[in-house]
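For the record, the sequence lines run as chains A and B.
Sequence positions in the first sequence follow this note's numbering and run 1 to 380.
Sequence positions in the second sequence follow this note's numbering and run 1 to 603.
Source of the hints: derived by calculation from the structure; they are not laboratory data.
Values in this document were obtained by computation on a predicted structure and should not be read as measured data.
Take the hints with a grain of salt, since some may be wrong.
[As the list claims (entries may be wrong)] Listed next, the stretches of chain B that the computed footprint assigns to chain A, with coverage defined by at least 3 CB atoms under 8 Å from CB atoms of chain A: (1) 546–552; (2) 564–576.
[What the hints assert, rightly or not] A few chain B positions that, by computed beta-carbon distances, are all more than 12 Å from chain A: (3) Asn282; (4) Asp307; (5) Arg512.
[Said to hold, decoys possible] Capping the alpha-carbon separation at 27 Å, the derived lysine-lysine pairs in DSSO-like fashion look like this: (6) B:Lys552 to B:Lys508; (7) A:Lys321 to B:Lys577; (8) B:Lys519 to A:Lys323; (9) A:Lys351 to A:Lys233; (10) B:Lys441 to A:Lys343; (11) A:Lys351 to B:Lys552; (12) A:Lys321 to B:Lys552; (13) A:Lys195 to B:Lys521; (14) A:Lys351 to B:Lys572; (15) A:Lys195 to B:Lys267; (16) B:Lys484 to B:Lys441; (17) B:Lys6 to B:Lys183; (18) B:Lys6 to B:Lys320; (19) B:Lys540 to B:Lys552; (20) B:Lys552 to A:Lys233.
Every residue, glycine too, gets a C-beta built ideally from N, C-alpha and C.
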Amino acid sequence: MKSKLGIYIHVPFCVKRCLYCDFCSGIDLDTELVAKYFRALKEEIALNRHIAGYYVVDSIFIGGGTPSAVESGYIDKLLNDIYKWFEIDSNCESTIEVNPGTIDIPKARDYISSGLNRISVGVQTLNDHLLKKIGRIHSAAEAEETLSGIHQAGFLNVSVDLMFNLPGQHLDNVTADIKKIMKYDINHISYYSLKVEENTPFHNMLRNNQIQLASDELEREIYHKIIAMLENKGFNQYEISNFSLPGYESRHNMKYWSRDAYLGLGLSSHSFIDHQRFSNTINLDGYIHSLLSDKRLSRSEAETIQGKDVIWEYLILGLRKTKGIDIEAFKAISGSHFHEYRKILNTLETKGLIEFDTTGFRLTRLGMDLSNTVFVELLI
Amino acid sequence: MIDRQKYVRNFSIIAHIDHGKSTLADRLIEKTGFLTQREMHEQLLDNMDLERERGITIKLQTIRLVYKAKDGHEYILNLIDTPGHVDFHYEVSRSLAACEGAVLVVDAAQGIEAQTLANVYLALDQNLEIVPVINKIDLPSARPEEIKNEIEDVIGLEAQDAPMISAKEGINIEEVLEAIVKKIPAPTGNPEAPLKALVFDSYYDSYKGVVAYIRVKEGRVKKGDVIKMMAASKTFEVAEVGVLGLGQLPVEELTAGDVGYLAASIKDVKYCRVGDTITKVNNPAKEALPGYKKVISMVYCGVYPADGEDFNNIRDALEKLQVNDAALIFEPETSVALGFGFRCGFLGLLHLEIIQERLEREFDLNIIATSPSVIYNIYKHDGTVLQIQNPTNLPSPTEIKYMEEPVVNANIMTPVDYVGPIMELCQNRRGIFINMEYIEKTRVVLHYKLPLNEVIYDFFDALKSKTRGYASLDYELAGYQESKLVKLDILINNELVDAFSIVVHEDKAYERGRNMVEKLKEVIPRHMFAVPIQAIIGSKIIARETVRALRKDVLSKCYGGDITRKKKLLEKQKEGKKRMRLVGSVEVPQEAFLTVLKFDEKK
Chain A
1 MKSKLGIYIH VPFCVKRCLY CDFCSGIDLD TELVAKYFRA LKEEIALNRH IAGYYVVDSI
61 FIGGGTPSAV ESGYIDKLLN DIYKWFEIDS NCESTIEVNP GTIDIPKARD YISSGLNRIS
121 VGVQTLNDHL LKKIGRIHSA AEAEETLSGI HQAGFLNVSV DLMFNLPGQH LDNVTADIKK
181 IMKYDINHIS YYSLKVEENT PFHNMLRNNQ IQLASDELER EIYHKIIAML ENKGFNQYEI
241 SNFSLPGYES RHNMKYWSRD AYLGLGLSSH SFIDHQRFSN TINLDGYIHS LLSDKRLSRS
301 EAETIQGKDV IWEYLILGLR KTKGIDIEAF KAISGSHFHE YRKILNTLET KGLIEFDTTG
361 FRLTRLGMDL SNTVFVELLI
Chain B
1 MIDRQKYVRN FSIIAHIDHG KSTLADRLIE KTGFLTQREM HEQLLDNMDL ERERGITIKL
61 QTIRLVYKAK DGHEYILNLI DTPGHVDFHY EVSRSLAACE GAVLVVDAAQ GIEAQTLANV
121 YLALDQNLEI VPVINKIDLP SARPEEIKNE IEDVIGLEAQ DAPMISAKEG INIEEVLEAI
181 VKKIPAPTGN PEAPLKALVF DSYYDSYKGV VAYIRVKEGR VKKGDVIKMM AASKTFEVAE
241 VGVLGLGQLP VEELTAGDVG YLAASIKDVK YCRVGDTITK VNNPAKEALP GYKKVISMVY
301 CGVYPADGED FNNIRDALEK LQVNDAALIF EPETSVALGF GFRCGFLGLL HLEIIQERLE
361 REFDLNIIAT SPSVIYNIYK HDGTVLQIQN PTNLPSPTEI KYMEEPVVNA NIMTPVDYVG
421 PIMELCQNRR GIFINMEYIE KTRVVLHYKL PLNEVIYDFF DALKSKTRGY ASLDYELAGY
481 QESKLVKLDI LINNELVDAF SIVVHEDKAY ERGRNMVEKL KEVIPRHMFA VPIQAIIGSK
541 IIARETVRAL RKDVLSKCYG GDITRKKKLL EKQKEGKKRM RLVGSVEVPQ EAFLTVLKFD
601 EKK
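The following block holds chain B by itself, in its conformation from the complex:
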């Protein structure tokens, strides 16, 4: 092993949401003396507001730390951050592929959760050395000894000497650093071999173009090298390489074992996908690093401009987001009800929600998002097979022989007390029970096969509310199954409003249809004429409500000649009208498009 590699450690921190990953990262940064206490803002790694609010990490951030260990040597610790949610499995796996080890943070009170396991399995797939750490030992409800046993029993990791820490209080952080240095192996790889560098993240910089975060597995790379992205088959000239301190620090060269960044005036993020392998045009690697996958969107929805918002602003924003988020895909589409917009594909429901919120918050856009949908396989009588993700494009029922929908294997970890309500929820959502395992006396993991279209429809919220937030969910796609699906349409004043169309299981259609028309009745204002709202399947009406005709629309008396107040009230009314969508001759408020998506688990 060459000296340069000997004092390098590349690692990630993996944890269930809220088990303290970001806080531990902050402490590690602090302890390595990179920053003064004052410079640290809380949760240094999560730099997006949204992440802080949700307490989850969306976008990767990687940082290089310098640590003087007890053995007297100075080590370079590359901390590669990972997103902490099921939707980002692939991104997590690529980050882990850049490491030799992972610090597994387990909450001393809550123990192992669904995502702890999911992440551990991903780390084991990459043959990483896992360093367990018990966090939050300062909590009154902490039971570290039990948790250690749990880690040994459930995961099969030696945990008796796991550092017992409180990241929040800064207790025993040093032990974590020592464990990283001692237990995680140094990187290997021949610096003289042809270049193989793994792209584990990228983002767009308006000056440098796409900046790739890379792990050099073999060979070396420096400014001026002509490189090739192996999956994208594109060549670029390297403009800059560097390491990731607090900011980017350009260096002469990155060699095997190093983690850093690379800029090569790459204009489009699609040429620099996560998981791709960078090599050189002269002396190229024979084969790419394993594991590259083209990201598949599992959840789709339409995104439309609301309230006179400009279509072009939305396109610009989506383009900007896509530059940093290769998993987001979009293409223009047209809706009769909503006009010009985009069909967007996401990794999962959380990813969808995050993108929606970023469009609204970061770009200050007013958008309408349609019901999320998944991809259905349609087998027609004429032998052709279609893949449809927009319910509007579904062929007529008479042409369809049968349909298939995606299903997922869901693992729900929960205290025993909530098994009943969860089973009820899963059953309501057409789940098929596989089995139940005890993790310890009071906690179990439930394995279900669930249709994805049920999971994307408010499943997280329902699960949370039924278990007071104690249950955790992890899922992975498990193929397709034949299913009796129907297209449910909504007619407003006898006109079909495509934005409300959904694909739903036959058995659920009546309930969903009723629910939707009742909600629409609440939000659609009275018009000069009565407005019927109907839910239909094919030509069969399954639910109907009517918004009665407007009988009165007047202001109160003229207060002592206060014309200004009167005008203001009317102007406000006009503003409200502008925010309406005209569907035929009916004005539909924007909130209608949101409310029908929200499911309330009443029964």
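Isolated chain A (complex conformation):
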């Protein structure tokens, strides 16, 4: 039987870059540039056809950036190219990320006819003041409009991205966001804590005291409140920052945490195939030039993950999942090193960072708050 493969396609264009974003995105919507970029993507898909024979694709994720910022025709052609070269599982989960202000009902309908069956909406917050503060282009009302619109268009499988720890955001703002969002028919929530990265406008603003962030204590209080509220609504926390109704875990995300194969297409995308990790260039001109002029992939050198690195990855990715790691599976992965790791895991258990049961081990609540501490200990 062929192995499963996830495909990620990156669309780096945005109407405007958000103040917190350090991702490879926010590229201006220049018509000619967009056209060139999608031609390059087409070329990249074709250049990857040699691996198509070994896999069947069970997850496609078009992320960004703002994929909904470009005309739906581009998305349609893109998907058709993938269908042309790759074998697609009949049950494939095909997601597109959209941002309010760039999508309407006809566009959503176009997506459905192109074969997309899941949509992820970048809401972030439903507080107008905060939306402005973080540099979003849309209002809360527009976000709510988007949520009802996509449902009307026929999307049944809907995820939203929310953020907390925004500058000036109180616990009350977060609970209000959750209450409002629950009015919509959604089955998945990614709830990320804002982290101010270097080389973002927020980084400078933080340094110049133009914005203030909550203390770690308050940030964690809010996080714990989010978990409690969402679980109360039937949303199960299946990963540190991800929640879903039963059966609606993001297949795309799960591939990252389970070390399953995925192929990244487009600017700055990452791949993990056949024990190798590699990534595409982050230089847009370089990317386009390489594919269109040289007919060549512009990838980094592949790094083969082997030895203890495999075990470490298995642990730090697996422990992000709330169901944790199966002890028998871990024994198989760690082999002769099992006892070394077992020792560390026991120490972490006494510190209250992980917990064991008969089948395996997982992060405790404290362990989730201090996950880096755990991961660093496991690096040996």
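For this one, chain A is given, so just place chain B on it according to the hints.
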């Protein structure tokens, strides 16, 4: 006088830091035609990077120049370089003892400074002929006539015909050479008398062993002679003697009046101390040359391996440094917080800083140095007296009757404008004002008695910042005085960290303790538990801060499957953890050991 001596001149150049000693030396070398312009790199004598950066000369370099004077004779000029800092008094005095004269360089703009005077007094002690030279006459702010008067008034030297030069621009260098030939007397000494040669410097060469730089005062020495180091009481067979041109030039023999080098397969620098007298085993000198002193370390600190650095690498490096620096002493010691390391003794704070930097730069070592300390005299109730330089070894307060600390006579030369701030600084540092003398209308010298333990604690930096670098300092040890001293300890998570312990005056203890715990709070990372940091005297807590417990240690979202970036961040975090020192269950970053030493003169 024999002919050979008639055309020899042995001299040093003395100056305050930055008055142009090294530049003048370069010019003299250039003018004597030894080298072409192209071969000269700037500041030829200072060959260590560190010296160039600091603009001071740490290690002596001596060179033999050949000069054809206006009288038509060719003279051999032995230029004996001297270190230019207060810490190296003894070395300077031994270098001067090898000379008949000294060129005194005075900056035409700045005039006489603290170290100018200190060096002049040392030179006068050796009965040297002093040749004043006014340098930097090219500066717009130069006031050479005033400076000449200053030299006459303050030092009492005839200065009206002093060469007025610019070493930087190469102006009037010839006049300096002529003055050296004319004013400085030729060496004397009977070549047929028993050998007496003064060691004024030495360094270790991996092929030749210890190479001594010597001034032959009496007698002669050549290859094959069996010599005796009089203070060290060791005998060696001479393998080579020579003079110091651009490199070492072996010669047949050195005789009375000569300056040169001597190699005798001496394996350990401790058998060839600066100031020792070399004589021959057959026909030995009856008595050694005067002035030999065993160097006394005034400042101590612990040097420990940091960041997984190997203890043995540090020992090797210290041994190598000691070979060229007899003033550096060290012995192994153990710290609860820092593990195995060394207790090192230095001439002064500058010497300490130089050694630390050389360990880091030249040997590429990662070290942690503990707070500098001085030697305290402890008088116990049971009548015994202890000398303690490591605060950790201090007996319990109940056993101590009283304590004494070393004090220094400090001479601070400054423009009048800064007298106020300097007095305030000295008062803060428990200084006792002795008097103030006017050198000229706008400049004074302040005499203070200061505890050495205050001087080693950032005094130079404070002085510099309070006077924008205009004040200069010179000091000499002036015995011990009784003092109300206490041991200040730091507890981290209720455990005493010996590396932070200091001895401090009772009146300063609260401020220092507060300062230290506040700084530690800044640098100690959050742990899974709250970490109390306390400053204590005996069992009394005088300051306390708490590092709150870690509540959050997470990475941001997984960027499109970029696991590599995540791993790199975690690996970096792990690296940071490795650089920590585990004190009990608390990880203390290395910078903590450095930051607490730095004093900020806020108030």
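Tested hints:
no. : hint                 : in the structure
1   : 546–552              : holds (count 3)
2   : 564–576              : holds (count 7)
3   : Asn282               : 68 Å, holds
4   : Asp307               : 17 Å, holds
5   : Arg512               : 30 Å, holds
6   : B:Lys552 to B:Lys508 : 38 Å, violated
7   : A:Lys321 to B:Lys577 : 26 Å, holds
8   : B:Lys519 to A:Lys323 : 43 Å, violated
9   : A:Lys351 to A:Lys233 : 31 Å, violated
10  : B:Lys441 to A:Lys343 : 77 Å, violated
11  : A:Lys351 to B:Lys552 : 15 Å, holds
12  : A:Lys321 to B:Lys552 : 18 Å, holds
13  : A:Lys195 to B:Lys521 : 24 Å, holds
14  : A:Lys351 to B:Lys572 : 23 Å, holds
15  : A:Lys195 to B:Lys267 : 61 Å, violated
16  : B:Lys484 to B:Lys441 : 39 Å, violated
17  : B:Lys6 to B:Lys183   : 13 Å, holds
18  : B:Lys6 to B:Lys320   : 40 Å, violated
19  : B:Lys540 to B:Lys552 : 34 Å, violated
20  : B:Lys552 to A:Lys233 : 26 Å, holds
Of the numbered hints given earlier, the model fails hints 6, 8, 9, 10, 15, 16, 18, 19; all others are met.
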